[in-house]
Amino acid sequence: MIHLWFDKGTILLRGEAGTPYGKWDPRVECYRIKAMHYRDVLAYLKESNLAFQDDVPNLPPVQQLNPTVELRPYQKEALDKWRHANMRGILVLPTAAGKTYVALKAIGLLKAQTFIVVPTLDLIDQWRKRIVEYLNTEAGAVGGGENTVRMITVSTYDSAYLQAETLGNKFMLIVFDEVHHLASPSYMQIAEMYIAPYRMGLTATYERSDERHSLLPRLVGDTVYTVGVEELAGEHLSPYTYEKMFVELTPDEQEAYDDEMGTFRLYLREKGIVLRSAEDFQKFIMSTGRDRRAREALLARNRALKIALNSDAKLSLLGRQLEANRNEKTLIFTLHNDLVYTISRRFLIPAITYQTPKEERREILENFRKGEYKAVVTSQVLDEGVDVPDASAGYILSGTGSTREYIQRLGRILRKVEGKRAKLVEIVSKETVEVEISRRRRHKKPTED
Amino acid sequence: MLPSELLAVWKRKGNIWPRYARATEDNLEVANRLIKAYKDHVGQKKGVLKAFAAEIEDEGYEYRFVRGLSFLLDRKSTFRCNDRIHPVELRRRIFHTTKELGFATSPERRRTIVETVASELKVTSESVDEFLYADLDSELVLEEFEPPAPQELLKEYNLSLTQTLLFDSTELNFTASGNWQRIFYAVKRLGLIYEVYKDGRFWVKVDGPASLFKLTRRYGTATAKLLPTIIANPEWTLEAKILWRYTNEICSFKLESWKHRTMLNSPQQPTVSYDSTVEQDFAEQFQGLKTGWQLKREPEPVPAGKQVIIPDFSLEKEGVKVYMEIVGFWTLEYLLRKMEKLKKVEANMLIAVNEKLACEKLANLEKNTQLDIIYYHDKIPLAQVLRYLEKAFRNLQTTQTGLLKSLPVVFTEPIVNYEEFAARIGVSMEAVREALAEKPPEGYTVMPNGLVRKDKLEQMRNTIEEQLSVTGRLPLLNAIRIIESEGVADVTKSLETLGYKIVWRGINAEKAEVVKP
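Residue numbers (this note's numbering), protein chains in the order written: chain A, 27 to 475; chain B, 188 to 704.
Hints may contain errors.
As the list claims (entries may be wrong) - Below 25 Å or equal to it, Euclidean Cα-Cα: the simulated SDA-like pairs (lysine to any residue) are: (1) A:Lys34 to B:Lys525; (2) A:Lys456 to A:Phe272; (3) B:Lys412 to A:Lys332; (4) A:Lys396 to B:Arg432; (5) B:Lys385 to B:Glu487; (6) A:Lys34 to B:Tyr372; (7) B:Lys578 to B:Glu512; (8) B:Lys626 to B:Glu607; (9) A:Lys297 to B:Thr434; (10) B:Lys493 to A:Glu55; (11) B:Lys392 to A:Glu55; (12) B:Lys198 to A:Leu324; (13) A:Lys396 to B:Glu287; (14) A:Lys449 to A:Leu324; (15) B:Lys504 to B:Gly387; (16) A:Lys332 to B:Leu323; (17) A:Lys34 to B:Lys375; (18) B:Lys428 to A:Glu55; (19) B:Lys401 to B:Gly365; (20) B:Lys401 to A:Asp184; (21) A:Lys449 to A:Ser342; (22) B:Lys392 to B:Glu487; (23) B:Lys566 to B:Glu542.
Just so you know, the hints here were simulated from the structure itself, not pulled from any lab data.
Based on the sequences and whatever the hints tell you, model everything.
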């Protein structure tokens, strides 16, 4: 008789027959099969009328679910498409279109052990809350110091990757939130090392600048449903205005900026280095490990950028804006944590960064939701997927140099208040390379992991 | 282990090496200054300390080296949050007051907010500013620091650097002089898979389950964690394949004890400890017996296919080797699995099983196995072990004798010593003696300790005759000298074979003489 069992993220098969999915492993004298082929192997053995004993899954006990999710028509359509594709595939829905609800509905229908993989710890909290609210059951969590496996378990990509050996055979459905992350060389092993026959990918930004998204259909399934912002705007998403404000550096700042930037440019010119693309820049960064002068040039450039990003003129403008719009619920985004704390200390408004204790972060967001806090300043932790409802104004003080989608993503967490459109303002220093970064941010594709 | 951005390497023609910090004057100075900086900053903020360390970096030293050392020193430090005023509570009050009074967009309003909270908490306005973010990493205070010796810090840095490089490894091959039980235990605990092979020495190749499908760095971290256990030995050689993350090329990395050991910090080799007193008692009692069998604890692993068995003891006598394993707690399944593995071993293995801890009926076991099993209660029965050993010895001898008899052996040397010959071809002396005595090669005479070619015997006869012809008798001691000078050990037997007689006068060999009968 053929015997199948799970071995550290793979399936081992012993018996008289091989399978088209396995490979003979001389180290252990068994066939070894990628966990992702679990469903295919079972189908093959059944079709071939081969008797087998399947010890692969080790599922946590089933809990009583009491689903109360109601779907909007386009969400329902998305779910139907997925179900017709053998419960595999990717759904592309814009931010705030309620991707989560589609997945919750699917879990409620399947009532199977489910693993939800998300990019951030915030999203773990958010999913767990929703699961309690809409499925009326407690979910487990893996990541951020927690490690409880339940029928429905939410994990970060990092923990899902690191613990694939032990978690890989515990779930029948796997949901990848922000599935574009999955295509990175290490994270794609999550898809390969988990047996889950049912798979759902959710994203607003399917395409990656490195083209690796072409790997996703093999790992999760094809894109089975796509709906764009345009189709949903107005009806389901709130529109907003976008504005760019320029400030000039103070004379002192300008002088220091020119000085540092001059050092950097001089080095490039002397060495005949031209930086046209992200790849060029990566090469330059690598050379700074060997070349001391290159490193000095890089440090000078970083200091110059810091002057521009942290310019006092910008903070003054932000202050005037805050004062003038004191009743708006306001989110302030910056790239650097230093600047987050500078703003928090200066205007005495709450800050959220990766260093913020979990409890305090929850409390700040809750107070912001209730209107108890009028503004929050944050680095990037909120920019993907996490709901911060009811903000009516957003300010970007420095950015990742990423994309139009970035702006859109921030824009979509804004809501109109009393018929007034929400607004998003980007504050940029004039006459500095920051203008370049800001332009690039609006035109290039994302360079995400 | 360091953050990967601090990994400094040399790379050339497909080879890769960490940039080790040798104990040069320059490197020791950097280490010394950093250690001193940490000592001097006890009681100060981490941010201040780190800024100071960054200054050393800006003096022209390799920044990854300086940061790497600083990273290791952080681990010898205790940083603590100064929470005389608890920052989280303080912030909560500040932000609520801001809600009441409006954003601090002017210095005046900021002062009002801070003062309001300060008077609520009965502290000064300055301390509000001071403690507002006292829990941030850079604001933590260095409370305690355990300074290492600079040389030790460099060695620790080199070890960390090696481990950081191994993060990117796809496989590791190594050989070591011992410590096998711990090494294989670690391999298993880390979720790795090994294969063993002989290439002059005993080599182990380590990677993971999914390595079968493609090159992967997935097991690099576990491999890095294995390193200290391997290099705890006096001798080792490691060869790793590194999938270099920046270029995706495969590089070779080689580490050898004779070259690198003094540069790497390695944990003390733990002394052999016994898993149980049963093992210890057995070893001590056995060694007290003087049986001629050499007992060795933690012998070299025994290959069983591509896997290994690491027995508790090896017992060796005249080229015959027997392994022994003491099993305390066991199940039938466990022993069956062991048997499965043992089928691939071409070695004698004795298993001592604790009768009291048996989880299954012993009858079941005996029905199912052809293993050599003895049972024990509190102590291993030595007599049974010895009986097994002698049986194994005899069996092996019989097998070897049979083998030798069937071999067409051609000798050319005038004298063949059994002991030397047995050692040379790796069988027991008894087997050689038996095989050759039964069917001596053409032209040789069988002696108790060896073979002597007939012309050699004639040569001895001539010399003895020559001396006898002078006096008619020959002192035995002279005869011994003649025979031994030809390299023959069996004096009495030789004289007998040549047809001489020894005339004893008392028991004093000096007075004995050789005569013709």
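ask   = Any of the earlier hints contradicted here, and which numbers?
value = Violated hints: 3, 4, 14, 19; rest satisfied.
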